[in-house]
Amino acid sequence: MRQGDAIGGQGRVPYTRLAGPLIDQIPAAIAVFDAKLRCVMVNARWLTQFPVPAADPVGHDCNGLIPNGCTLLRGYLERALAGESFSSEAAAPETSDGSKYWFRSHVAPWRDTRGKVRGAMLVCENVTAEMEQTLRTRVLKEELSLFVDSAEGFALALLDEQGQVTIWNSGAERLTGWRETEAVGQTYGFQFNAEDQAEGLPASQIDLARRNGVFRDRCWRMRKDGTRFRAEVIITRIEGDDVLPGGFGEVVRDVTSEEFQARSLEANAVLLRSILETIPEALVVIDISGRILLFSTTAEAMFGFSASEVLGRDVSMLMPERERKAHDGYMRHYRQSGESRMMGSKRRLIGRRKDGSEFPHTLQIAEAFGGGQQMIAGFMQDLSEKEAADAELEQLQRELAHISRVHEMGTLASTIAHELNQPLMAITNIVQTAADILKNGDPASRVVLAEALAEAGREALRAGDILRRLRGFLSRGDLEKTLEDPSKLAEDAVYFEAARARYRNIGCNVDCAAGIPPILVDRVQIQQVILNLTKNAIQSVGANGKVTVAITAEADQIRCTVSDTGPGVSPDRAARLFEPFSTTKTDGMGLGLPICRSIIEAHGGRIWYEPAPGGGAAFVFTLPHFTQENDDAQ
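Reading the sequence shown from the start, the letters are residues 14 to 647 in the working numbering.
Check the hints yourself; a few may be wrong.
[Unchecked claim] Taking lysine to any residue pairs in the SDA-like style, the calculated list, with each CA pair at most 20 Å apart, reads:
{"#": "1", "residue 1": "K359", "residue 2": "E294"}
{"#": "2", "residue 1": "K359", "residue 2": "R411"}
{"#": "3", "residue 1": "K494", "residue 2": "Q538"}
{"#": "4", "residue 1": "K359", "residue 2": "G555"}
{"#": "5", "residue 1": "K548", "residue 2": "K494"}
{"#": "6", "residue 1": "K399", "residue 2": "M344"}
{"#": "7", "residue 1": "K399", "residue 2": "R515"}
{"#": "8", "residue 1": "K49", "residue 2": "E102"}
{"#": "9", "residue 1": "K501", "residue 2": "H638"}
{"#": "10", "residue 1": "K359", "residue 2": "S397"}
{"#": "11", "residue 1": "K359", "residue 2": "N557"}
{"#": "12", "residue 1": "K113", "residue 2": "P80"}
{"#": "13", "residue 1": "K501", "residue 2": "K399"}
{"#": "14", "residue 1": "K237", "residue 2": "E294"}
{"#": "15", "residue 1": "K559", "residue 2": "N522"}
{"#": "16", "residue 1": "K494", "residue 2": "S329"}
Calculated directly from the structure, the hints in this document are not laboratory data.
Let the sequences and hints guide you as you build the complete structure.
Spelled out as structure tokens, the structure:
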């Protein structure tokens with residue numbers, strides 16, 4: 014302890030040898046000042062705790078001993094000289110190295126034996142550890158409060174060791190309807206209905222969290238208005254320490270809509286699986302790299318692979334080796350550009366089964382998106398049986414057509430022979446008689462000869478008339494006319510042929526203008542004309558070709574145009590198209606177009622050929638509108 018020899022200039026004030034050591038043991042910094050606030054004494058703790066102006070501070074003014082930043086202490090000392098005693102709040106002066114410490118100061122006057130104030134005493138208690146702990150606790154509480162209130166999407170609550178609510182955030186207020194003032198102090202079970210409370214559910218959840226450190230579950234919770242909601246609950250055990258008390262932290266999230274959506278998605282997934290298992294087409298889904306993601310039951314039956322054998326593998330395993338290079342190029346182009354020429358269209362391809370055999374099938378693809386992933390769905394149908402049946406049917410049709418042509422030609426030949434037999438026999442007899450008369454050379458027989466030759470001419474005219482009547486019968490005879498819609502007539506005529514054409518990648522469409530008036534025709538014969546022209550057009554175009562049957566209305570007639578994108582007809586060939594027995598088909602007789610012309614002309618119409626705009630061939634025929642005058646005339 015440092016001490017002066019005199020106090021306030023009033024002579025020496027002796028101290029016992031025991032006082033100094035005792036003051037040095039006090040856990041506080043002590044400084045004593047005289048009436049002029051000059052240092053009389055400081056203890057050892059003051060010297061170590063506060064910077065002093067000299068090795069011996071005795072006699073120095075208080076300003077040199079007061080800690081930096083604590084200028085108010087001089088005023089406190091002056092008030093102590095006036096007889097006041099008081100304590101100040103903790104301060105945080107800065108040291109020379111920039112660090113801070115906290116102390117609490119106590120100021121009191123000291124008096125002589127007669128009670129007169131002779132100076133002031135300053136006691137500074139170091140409370141740095143206490144203040145740091147207090148500040149740390151305050152910061153933690155503020156951060157916790159900020160965190161709890163910022164979690165708006167969750168109900169957050171803190172419970173003490175007994176399970177009573179101590180903190181209740183705004184998210185909990187919104188979710189349950191209980192205000193913070195209503196919830197704080199309540200036991201954990203107030204969020205459960207009476208049945209759950211009776212079964213001890215709240216207590217069991219707290220007990221599990223206490224034993225395991227955490228409790229997780231989805232259960233029913235109750236709102237203030239009595240309604241219930243599905244809640245995802247997490248209760249965490251909080252170990253107490255010097256800063257925070259122990260207890261439990263509870264996080265609650267409303268998952269009612271989420272569970273409903275999950276159940277809906279699950280039901281939809283089950284429904285989708287059921288649909289995929291029952292649709293007649295095989296379904297294969299791949300990602301944009303070509304890996305198989307889904308392989309339906311129908312696909313398993315079609316290719317012979319089980320789903321487990323193909324999932325995750327490249328889809329090219331389902332096609333012949335010769336087709337894989339082209340497929341890889343297509344997939345590469347699709348990944349780079351996002352463009353697909355096949356998207357939405359149906360194509361005929363060749364597939365490869367597990368046993369290595371190949372088969373034809375259709376493929377129609379579509380883009381799909383799910384789970385943030387881009388996918389390609391392919392729907393396929395096995396054409397093996399259908400194409401075999403089509404081939405057999407086509408062969409039967411060819412044989413039937415051949416038999417029909419032979420029969421028709423036989424009937425035609427028999428008819429012509431029968432009808433022409435009599436006039437030809439008559440001409441033969443007359444000519445032979447004329448020859449005999451000429452041999453005799455009798456002038457009188459010249460009259461008979463002239464009559465015979467005249468008769469031969471009449472028989473020849475009769476033969477020509479027979480041919481004309483036969484032609485009229487073939488073109489106009491036995492017509493059963495009905496009032497028909499030209500658009501429907503055309504659509505019905507080409508329906509099946511168009512369907513067959515699509516499997517050869519040939520487009521066949523009927524384009525009908527609006528408001529087409531009806532026509533009075535033999536429906537079967539006109540449909541036969543349209544069908545014949547359409548089949549000729551389909552046979553003339555290759556894969557990816559197009560055939561169009563267009564119906565339009567003109568002033569007093571309808572116009573039907575059958576056009577294609579084939580090679581067209583050469584000019585020299587076009588001049589002979591409607592001549593009998595003129596054909597370019599190896600199995601044709603060349604009677605199709607002549608018969609078509611006969612049918613159209615028998616209906617009062619006209620048929621001709623013209624080049625199609627942009628290339629190809631176009632066959633056009635016209636038929637008159639139906640009017641009462643036309644009906645009466647016919």
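Hints versus structure:
1. K359 / E294: Given pair K359, E294 holds - Cα atoms ~13 Å apart, limit 20 Å.
2. K359 / R411: 28 Å, violated
3. K494 / Q538: Holds, at roughly 10 Å.
4. K359 / G555: 17 Å, holds
5. K548 / K494: 24 Å, violated
6. K399 / M344: 29 Å, violated
7. K399 / R515: 14 Å, holds
8. K49 / E102: Violated: K49 and E102 sit about 25 Å apart, past 20 Å.
9. K501 / H638: OK: K501 and H638 at ~15 Å, within 20 Å.
10. K359 / S397: Measuring from Cα to Cα gives roughly 16 Å; hence the hint holds.
11. K359 / N557: Holds, at roughly 12 Å.
12. K113 / P80: 11 Å, holds
13. K501 / K399: 28 Å, violated
14. K237 / E294: Roughly 54 Å separates the two Cα atoms, so the pair is violated.
15. K559 / N522: OK: K559 and N522 at ~8 Å, within 20 Å.
16. K494 / S329: Judged against 20 Å, a Cα distance of about 57 Å means the pair is violated.
Going down the numbered hints, you'll see the structure goes against 2, 5, 6, 8, 13, 14, 16, while the others check out.
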